[in-house]
Amino acid sequence: MASEPSRGSTLTPHNLWVPLAIGLCAYIGTLTGAAQVSLSGLTTTWVALTILGAAAAYLVAGRVAAAPAQRLGARAQVAQQRYRMLAIAAAMAVYATLALGTLATSSSALADCLTLPFCLSISEAALLNNAHRVGAGIATVLTIWLAVETWRKRPEPMLRMVVAWGLGLMLAQNAVGLAQIVAVLSGAELPIATVRLAHLAAGALAWAALAAVAALAYRGGPAINTVAGIGREAEVATAKRGMTDRALLDSKPSLLKDYISLTKPGVITLLILTTITSMYITPAGIPDALLVVWTSIGGWLMASGSHALNCYFDRDVDINMGRTARRPIPSGRIPAWHALVLGIALAVIAFAILVIQVNLLAALLSLAGLIYYVFIYTLWLKRNSWNNIVIGGGAGAFPPLVGWAAVTGQLSWAALLLWLIIFYWTPPHFWALAIIRAKDYARAGVPMLPVVAGEQETRRQILLYTIQMLVLTLLPTAVGMLGIPYLLAAIVLGAIFLYYAIQMQKNYATNVTWGLYKYSLLYLALLFVAMVIDRVWLA
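Numbering (our numbering), first residue to last: 868 to 1406.
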């Protein structure tokens, strides 16, 4: 007796009609939009990225086998169809927003519409820009709705991941769109083309992700049970019956605490302190209190996003270390992709706040700090080089640059000097902890200096970097940036730091190493506070 052909092993015309149809619409729409665009370079980019949407739908759907047919009740069938329609609506809304945005760009509508949330003019260009903004709002709401429905009712990892990327990119393009308006208002010329390109790229990639979601919604078929379906509902009910009411109540606060822990709030406090203090020592004088508040909020959220992303990418390392194995992701309390979505969302919100309420340079510097920390340190240096802390320390040195740029709108050698002080402070600070946790890092395969070169060499490097850091802390007075009060504080604080570093050469006891690590945190905080006190004294 001949066996039945597999229902999901090949790509057939029947189960690929949706991605192919979406791809055809994308291509026709691209040609129509491209005919209206006059800006050099934008046409080619938009065409390429929009066609990418069709390719994403085709390739992602092709990686997932079509589900075999199942019998579903009427309610389950209705829920299934509603989800499919929501996925299609979200994808098409994003695509329509892309088309309207391209037309608005070609007609220079942005120059006639520099108010938020809508243009106050009644010109044709303003009406076109208003339509684009309304479309973006609808697309964002539909994408959020789709994400909520996916995370509540759809169990497949592939679908959840693609939806997460679609939501993150949609929020990102909204943030970059706001940055575009700010760039025009500031009179900038060179960054505008770059910001416009980033806006279109984020939108087109969001369309690519949502087109893939629409294809997966159809190709996945009814095997994906909704809450109204037959399999998943029974599993959920059984699991809930096995839990007491008390356990359900107790899980809520611990879950919230776990999500907060992904952002590492304890680490952020010192970063924000260096941001705020640097705002008070610029040549511009005492900053506006509201500016300080918005810069702090934006900086806090951006740092929180970078730490959440770090928890996502470091989950394979964290599970092998005693210090980090109890974190929410390696312990299994929170799915890893939650940290990814949280990190992207926080970064997008932070960027939007800094662009709107502070300035574009501060927003870009804050984003650069996230990219430095996540991609240069976490994904590259930490896993491949003993210099991970030496070079990666630059990530934690960005907050003073953000604070300086927030007040002055530019950078100077003085701001770079603050960056260098933190850059040289990071190795002795972190290597002290690395000595204590050397066995953990060795087990996780992370080439920290104590693992690669040994504890004795690490202690010697701590002393050398401490001396270099102390020399740098004297320069602000030497170059006239700060005065004698700061110099005296820097000498006293530095002498204590040096004492700890010298003691580490003589005494290998853990409490001595812990002493340097803990004091290094207090040292940096007091050093930057001394800068503010000095400036107030001189004023």
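Everything labelled a hint here was simulated from the structure, so no lab data went into it.
Positions of the beta carbon are idealized from the N, C-alpha and C atoms, including for glycine.
Check before you lean on any hint, since a few could be wrong.
[As the list claims (entries may be wrong)] With a cut-off of at most 25 Å between alpha-carbon atoms, the simulated BS3-like pairs for lysine-lysine come out as follows:
id, residue 1, residue 2
1, Lys1020, Lys1131
2, Lys1385, Lys1131
3, Lys1249, Lys1373
[Said to hold, decoys possible] Simulated restraints on C-beta separations:
id, residue 1, residue 2, range
4, Asp1125, Ile1238, 38 to 48 Å
5, Asn1254, Ile1303, 17 to 27 Å
6, Gly1189, Gln1335, 24 to 34 Å
7, Ala1235, Val1396, 17 to 27 Å
8, Gly1189, Ile1363, 39 to 49 Å
Status of each hint after checking the structure:
Our distance criterion of 25 Å between C-alpha atoms is broken by Lys1020 and Lys1131, whose separation comes to about 30 Å. Straight-line distance between C-alpha atoms of Lys1385 and Lys1131 comes to about 17 Å, which keeps the hinted pair within the 25 Å bound. For a cut-off of 25 Å, the pair hint linking Lys1249 to Lys1373 is broken: about 29 Å separates their Cα positions. For the hinted restraint 38 to 48 Å between Asp1125 and Ile1238, the CB-CB distance of approximately 26 Å leaves it violated.
Asn1254 and Ile1303 have their C-beta atoms about 20 Å apart, which keeps the hinted 17 to 27 Å range intact. The supplied range of 24 to 34 Å is met by Gly1189 and Gln1335, whose beta-carbon atoms lie about 32 Å from each other. In this structure the hint that Ala1235 and Val1396 lie 17 to 27 Å apart at CB holds, the actual value being about 26 Å. In this structure the supplied range 39 to 49 Å is violated for Gly1189 paired with Ile1363, their Cβ-Cβ distance being about 30 Å.
In this structure, the hints that do not hold are numbers 1, 3, 4, 8, in rising order.
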